[in-house]
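**Student:** Residue numbers (our numbering), protein chains in the order written: chain A, 1 to 440; chain B, 1 to 428.
FYI, nobody ran anything at the bench for these hints, they're computed from the structure.
Some hints here could point you the wrong way.
[What the hints assert, rightly or not] Now the stretches of chain A that chain B is said to cover, found in silico as 3 or more residues with beta-carbon under 8 Å:
(1) 289-299
(2) 327-334
(3) 338-346
(4) 385-392
(5) 414-423
The structure displayed is predicted, hence computed values, not measured ones.
Note that CB positions come from ideal geometry on N, CA and C, so glycine has one too.
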Amino acid sequence: MRTPLLFLPLVGLLLLSLSPITHAEPVAFVGAKILPIDGEPIEKGTLVIDGEKIVAVGPVDEVDVPAGAKTVDVAGRWIMPGLICTHSHIGGIGGADGSGPIQPGVRVFDSLNVLDSGFKRALAGGLTTLNIMPGSGHLISGQTVYAKLRFDTTPHRIEDLFILDEDGNPTGGLKMANGTNSMRDAPFPGTRGKSAYLVREQYIKAREYAAKKAKAGDDAEKMPPVDLDLEALVEAMQGKRVVHHHTHRHDDIITVLRLAQEFGFRVVLHHISDGWKVADEIAAAGVPCSIILLDSPGGKLEAMDVNFKTAGVLERAGVNTAFHTDDWITDSRIFFRMAAFGVRAGMSRPAALRGLTLSGAEILDLDDRIGSLTPGKDADFIILDGDPLSVYTKVLETWVEGSRAFDRSDPEDRLYAVGGFGAGHDQQPYLCCFGQEAQQ
Amino acid sequence: MIAAKHTLIAASILSALIAARAQAQVAVKAKMIHTMAGEPIQNGVIVVRNGKIAALGSADEVNIPDGFQVLEAEVVTPGLIDAHSVVGLAGAYNYDHDQDQLEHSTAMQPQLRAIDAYNTREVLVDWIRSFGVTTIHTGHAPGELISGQTMIVKTSGNTVEDAVVMPVRAVAATLGPEAEKTGAKSPGTRAKMMGMLRGLLIDAREYRDKRDAAKKKAEESAEENSEESDEEEKKSASAEPPRDLSLEVMVDVLDGKLPLMVTVNRAQDIANALRLKEEFGITLWLDSAAESYLLVDEIKAAGVPVIIHPTMARAFDETENLSYETASKLVAAGIPVALQSGFEAYVPKTRVVLFEAALAAANGLSFEQALATITRDAAKLLAIDDRVGTLDIGKDGDLALFDGDPFEYTTHCTGVVIDGEVVSDKKQ
Numbered sequence: 001m002r003t004p005l006l007f008l009p010l011v012g013l014l015l016l017s018l019s020p021i022t023h024a025e026p027v028a029f030v031g032a033k034i035l036p037i038d039g040e041p042i043e044k045g046t047l048v049i050d051g052e053k054i055v056a057v058g059p060v061d062e063v064d065v066p067a068g069a070k071t072v073d074v075a076g077r078w079i080m081p082g083l084i085c086t087h088s089h090i091g092g093i094g095g096a097d098g099s100g101p102i103q104p105g106v107r108v109f110d111s112l113n114v115l116d117s118g119f120k121r122a123l124a125g126g127l128t129t130l131n132i133m134p135g136s137g138h139l140i141s142g143q144t145v146y147a148k149l150r151f152d153t154t155p156h157r158i159e160d161l162f163i164l165d166e167d168g169n170p171t172g173g174l175k176m177a178n179g180t181n182s183m184r185d186a187p188f189p190g191t192r193g194k195s196a197y198l199v200r201e202q203y204i205k206a207r208e209y210a211a212k213k214a215k216a217g218d219d220a221e222k223m224p225p226v227d228l229d230l231e232a233l234v235e236a237m238q239g240k241r242v243v244h245h246h247t248h249r250h251d252d253i254i255t256v257l258r259l260a261q262e263f264g265f266r267v268v269l270h271h272i273s274d275g276w277k278v279a280d281e282i283a284a285a286g287v288p289c290s291i292i293l294l295d296s297p298g299g300k301l302e303a304m305d306v307n308f309k310t311a312g313v314l315e316r317a318g319v320n321t322a323f324h325t326d327d328w329i330t331d332s333r334i335f336f337r338m339a340a341f342g343v344r345a346g347m348s349r350p351a352a353l354r355g356l357t358l359s360g361a362e363i364l365d366l367d368d369r370i371g372s373l374t375p376g377k378d379a380d381f382i383i384l385d386g387d388p389l390s391v392y393t394k395v396l397e398t399w400v401e402g403s404r405a406f407d408r409s410d411p412e413d414r415l416y417a418v419g420g421f422g423a424g425h426d427q428q429p430y431l432c433c434f435g436q437e438a439q440q
Numbered sequence: 001m002i003a004a005k006h007t008l009i010a011a012s013i014l015s016a017l018i019a020a021r022a023q024a025q026v027a028v029k030a031k032m033i034h035t036m037a038g039e040p041i042q043n044g045v046i047v048v049r050n051g052k053i054a055a056l057g058s059a060d061e062v063n064i065p066d067g068f069q070v071l072e073a074e075v076v077t078p079g080l081i082d083a084h085s086v087v088g089l090a091g092a093y094n095y096d097h098d099q100d101q102l103e104h105s106t107a108m109q110p111q112l113r114a115i116d117a118y119n120t121r122e123v124l125v126d127w128i129r130s131f132g133v134t135t136i137h138t139g140h141a142p143g144e145l146i147s148g149q150t151m152i153v154k155t156s157g158n159t160v161e162d163a164v165v166m167p168v169r170a171v172a173a174t175l176g177p178e179a180e181k182t183g184a185k186s187p188g189t190r191a192k193m194m195g196m197l198r199g200l201l202i203d204a205r206e207y208r209d210k211r212d213a214a215k216k217k218a219e220e221s222a223e224e225n226s227e228e229s230d231e232e233e234k235k236s237a238s239a240e241p242p243r244d245l246s247l248e249v250m251v252d253v254l255d256g257k258l259p260l261m262v263t264v265n266r267a268q269d270i271a272n273a274l275r276l277k278e279e280f281g282i283t284l285w286l287d288s289a290a291e292s293y294l295l296v297d298e299i300k301a302a303g304v305p306v307i308i309h310p311t312m313a314r315a316f317d318e319t320e321n322l323s324y325e326t327a328s329k330l331v332a333a334g335i336p337v338a339l340q341s342g343f344e345a346y347v348p349k350t351r352v353v354l355f356e357a358a359l360a361a362a363n364g365l366s367f368e369q370a371l372a373t374i375t376r377d378a379a380k381l382l383a384i385d386d387r388v389g390t391l392d393i394g395k396d397g398d399l400a401l402f403d404g405d406p407f408e409y410t411t412h413c414t415g416v417v418i419d420g421e422v423v424s425d426k427k428q
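Required output: the full structure, derived from the provided sequences and hints.
**Tutor:** Below, the structure is given as structure tokens:
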């Protein structure tokens, strides 16, 4: 979305949504309360961005505004890193189908509609990075995708949201699930014992596949045919593809840890309604967690004991804990509410704010790029009109890689923030009229 | 005889003592009391005696009698009212055996009573109560053309008889795709839904007229012939139509005695509900009403109140156009508005109306107005304001205690009192 850069003064100007919001020169945001997350809050701070990166952050009297930089007065505002949701289903996801419970070769990004209105709503909530996942109706439902919400201009295809690794490949994990959601009539498992068996069987096959490949070396004759499903499991066992495991009941949580131990995959525990019951075991296993705090318990047997207190219990046990929306189970626009409920039930404020940002970055292996306001990291940040944990606070602006992707003062963006007629519709690719010249 | 008399006296003293213990005498001191009946009282005291508010005012004016249990709080509000829930019928386990809010065998069943389906021990009753919700309008859910009746209960009590405030409050109906059936079953379209409702109301009219005529005839012949022969008695009795529980309820709807609460979201479905009211003169309550902001003038002109959808209801399909700001638009237009927790099919199994009001307060409603949608205005809409909704002398001793702004995410509910009984004192 890097269109020819236009000079656009920011202070006091309502920007037209048609104009790209990128800058040739550095921009300094001066005078806000800044929450860097990897350090103490800064009462009156300056954040300087240049291109797609953060170049400086600190108290106003300690940070020099570079020559030629645009200065934005943000007195009275709060600035913190863009929020990271480690478990999202935005975009019309369709991962594995009904043909079987284990489909690791399926990639969720092949199903995503980049024009889905959910992405704009997520930006309105201050989110800048998502782990978009297939569902939990399978033991292994497919590969997830880590997505940057590069919506300063409307993206054309899902590739525009990819976060690429050094080899130029899209980053993402592998979605797994146990408990009730992944159990039903054959060929799906009917019991927990069968669920674990089917998973073990496939990982063992993947081990043998990897061994065959290694043995074949350069010999094309000996090389086994490429198996997309087994390739993904091999990546998981090599630690290259993190397993994001949906699990609720305390014994199901322990089963996940048992399987991770056996096959050596790196795992993140997701939801863990019963997590507060086995916090010490989770801490001993050294695995991070991504949790959801719901308005009430129930809805299914394994979520009967879900409780706000999980956040604080995990923190005190020493578990790295992030929050997630599970959009559409909860709305990305009110992601802050999750952290606030964690604090309500005993989590510390710093851990709660970290749970929306840096912990999520670490879980996605992207903490070198995102999750805190640190020089060298991506310029992903949000401007708020108050304390992030207050119900009254609004996200005013969301910036992704140095470009503003959401502006509440823009009526079109505001529609996605508060809802209304048309808020449910997919975005329009061209912001103007049919038949007229495209804006990009 | 004397022994029996003493036993009787002893028994009545004992039951009075038991009753008195259940309704302990309680007083609450708070830095801020939102009575919802005038200015908030700062540094105030509420005294609850025998389940009713006996005294209310500033700490210098109101004495707390000896022997009363005293609670303290930062903020006190009237016990919160959820204007439309399914808690108690739609259980937390979400298995067939604990889901009594919808019976799918046929589209119109106004005769199904909420009192026959309410589980006082449902864990979600305790859950919402722990956040200060003391009165709920609960019962049959949206999802069938007429799913059944609703009622008003307090979120306490061992049996539904203990809990009930109003055993029949409304008849619950749904217009729109949610009430559609597939295949050969009816209704399969919006027009069919309206046709079926109109047909039922017309049937009710004829049932009522037949019944009234038969009654009148029986009265007249009784006046004329003080000694009626057996034959003549049988004749007048047979003129009365056999009792039809479904039509009996619909007669009350026709006569405006029972509201028809219609769950609708699209503007066209709201318009359909208004058309029904116009034709039959029924009392209509609009429920959910996501697109009501498109029909503000029409709703206002019809004098219809709106139980607005939960602020955080999910926006997709019929609710895709909902807005956080609708409540404030309706209130600004002078339409009576109350807030609800609604019906959830999965997780979270119930919403909490306190949280819904909080987000409404952050989106156009003032603090006081948002609180009104779950207290004073909800009570008025449900016509239970003689008992609850505001803190006033003689009203029920239903109180919600908080350690800060009730709407802030990090504030806790620290105590709940229902009919003078402290039902919760844990920090939630």
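**Student:** Each of the hints needs a verdict: does it hold here or not?
**Tutor:** Quick rundown of the hints versus the structure:
no., hint, verdict
1, 289-299, "holds (count 6)"
2, 327-334, "holds (count 4)"
3, 338-346, "holds (count 4)"
4, 385-392, "holds (count 4)"
5, 414-423, "holds (count 6)"
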